[in-house]
Each structure stands twice: as C-alpha cells, then as structure tokens.
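**Student:** Take a look at the letters that make up each chain.
2 protein chains.
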Amino acid sequence: MKVLIYVRLKDTVLDPQGKAVLGGLRNLGFAEIENVKVGKMIELYISDVQPSDKTSEASAEELRGHIKEMCEKLLVNTVIEEFRFEVVK
Amino acid sequence: MKVLIYVRLKDTVLDPQGKAVLGGLRNLGFAEIENVKVGKMIELYISDVQPSDKTSEASAEELRGHIKEMCEKLLVNTVIEEFRFEVVK
Numbered sequence: 001m002k003v004l005i006y007v008r009l010k011d012t013v014l015d016p017q018g019k020a021v022l023g024g025l026r027n028l029g030f031a032e033i034e035n036v037k038v039g040k041m042i043e044l045y046i047s048d049v050q051p052s053d054k055t056s057e058a059s060a061e062e063l064r065g066h067i068k069e070m071c072e073k074l075l076v077n078t079v080i081e082e083f084r085f086e087v088v089k
Numbered sequence: 001m002k003v004l005i006y007v008r009l010k011d012t013v014l015d016p017q018g019k020a021v022l023g024g025l026r027n028l029g030f031a032e033i034e035n036v037k038v039g040k041m042i043e044l045y046i047s048d049v050q051p052s053d054k055t056s057e058a059s060a061e062e063l064r065g066h067i068k069e070m071c072e073k074l075l076v077n078t079v080i081e082e083f084r085f086e087v088v089k
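As they're listed, the protein sequences go chains Y and G.
Be aware that the first sequence starts at 1, since it is given in this note's numbering, and climbs by one per residue.
Be aware that the second sequence starts at 1, since it is given in this note's numbering, and climbs by one per residue.
Since the hints were made in silico from the structure, they are not lab data.
The structure presented is a predicted model; accordingly, all values stated were derived computationally and were not measured.
Heads up, some of the hints might be wrong.
[Unchecked claim] Under the rule of at most 27 Å between Cα atoms (straight-line distance), these lysine-lysine pairs were calculated in the DSS-like manner: (1) G:Lys68 with Y:Lys19; (2) Y:Lys10 with Y:Lys68; (3) G:Lys19 with Y:Lys68; (4) G:Lys2 with Y:Lys10; (5) G:Lys40 with Y:Lys73; (6) Y:Lys10 with Y:Lys40; (7) Y:Lys73 with Y:Lys54; (8) G:Lys89 with G:Lys54; (9) G:Lys73 with Y:Lys40; (10) G:Lys2 with Y:Lys2; (11) Y:Lys54 with Y:Lys10; (12) Y:Lys89 with Y:Lys2; (13) G:Lys2 with G:Lys40; (14) G:Lys10 with Y:Lys40; (15) G:Lys89 with G:Lys19; (16) G:Lys54 with Y:Lys10; (17) Y:Lys40 with G:Lys2; (18) G:Lys40 with Y:Lys68; (19) Y:Lys2 with G:Lys10; (20) G:Lys40 with Y:Lys2; (21) G:Lys89 with Y:Lys19; (22) Y:Lys40 with G:Lys54.
Working from the sequences, and respecting the hints, build out all of it.
**Tutor:** This is the structure in structure tokens:
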C-alpha cells in the first residue's frame with residue numbers, strides 16, 4: 001500500500017525557499033508567476049497486512065489514525081506546517 | 001490560478017533522506033512501514049490573464065507548456081528526478 005503525504009508551510013509562515021524559486025522563475029522570464037511555495041511530498045510504502053478479525057473499513061480507519069500519528073510525531077512540524085494525505089492503493 | 005508540481009527522485013536513485021525518515025518511523029514503533037521516499041511539492045500561483053484572442057483550451061495547452069519548461073529549466077533535476085503536475089483552479 002502506498003500513502004502520499006503532502007506537507008506545506010502554513011500560509012502565515014514566511015517561505016524563503018519559495019521566494020528564491022520565485023526570483024529564479026522571474027529571471028527566466030516567467031513574469032506571470034505571482035508566488036511560489038515549496039513543500040514536501042512523502043511517500044510511505046506500507047505492508048498490506050490485514051488482520052482477519054477486522055473489516056476493511058475498520059482497518060482503513062486505523063491506517064488513517066496511524067498516518068496522522070506519524071505526521072504529528074515525526075514528519076510534520078505542526079507549529080509551522082500543515083498536512084494532508086491520500087491512500088493511493 | 002494554482003498549479004501543484006510534484007517532484008520525486010526516480011526509483012533507481014538512492015534516497016538517504018527517505019532512509020533516515022524510515023529509521024525514525026521504525027524507532028517510533030511503526031514496523032509496518034517498508035520504505036519511505038521524500039520528494040517536493042511546489043505550489044505556483046499564476047496570474048489569471050487570458051488573452052481574448054485565444055480559446056481556453058489553447059491557453060490551457062500553453063500553460064502546460066510553460067509549466068513543463070519551468071520544471072525542466074529550474075525546478076527539477078531531470079537526471080535524477082521526475083515530476084507531474086496538476087492545475088488546481
């Protein structure tokens with residue numbers, strides 16, 4: 001199973017890397033760009049073990065709980081960043 | 001208009017950052033994670049100027065061309081990375 005986690009800086013937080021990319025794009029002649037923000041995309045590959053005593057709905061719910069926990073404990077700095085994720089397959 | 005560009009290392013390229021995150025998640029007890037890859041998500045905010053002498057289809061096509069050019073010239077190292085993008089609104 002593959003999970004994609006998208007992490008981005010909150011809108012109120014300054015993004016110097018984004019500003020640098022914006023400058024670079026403008027220097028290349030792309031004047032139509034108004035702003036750039038640079039975030040992260042984290043791909044998790046998870047083993048497909050589904051306990052037989054659970055419905056697929058319950059295990060999907062559990063998976064979402066696990067991913068949220070991973071994000072909050074390690075992957076995302078929730079003070080300045082926000083995240084969303086999708087289970088791909 | 002907002003464009004999301006997703007940049008990831010090609011599958012054949014080693015990802016030390018991903019390996020570090022994998023180790024961190026396993027240390028936290030998430031043993032079900034098999035692999036992690038860390039990529040980038042770049043948000044572009046583009047001014048909505050649509051020339052009146054073009055159909056919306058032609059300008060959408062032009063936009064896709066521009067974004068591809070930005071990726072290949074600045075945003076993506078096409079030797080080791082691959083990208084996909086979506087126009088959000």
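**Student:** Flag every earlier hint the structure violates by its number, smallest first.
**Tutor:** Of the numbered hints, 11, 15, 16, 22 do not hold.
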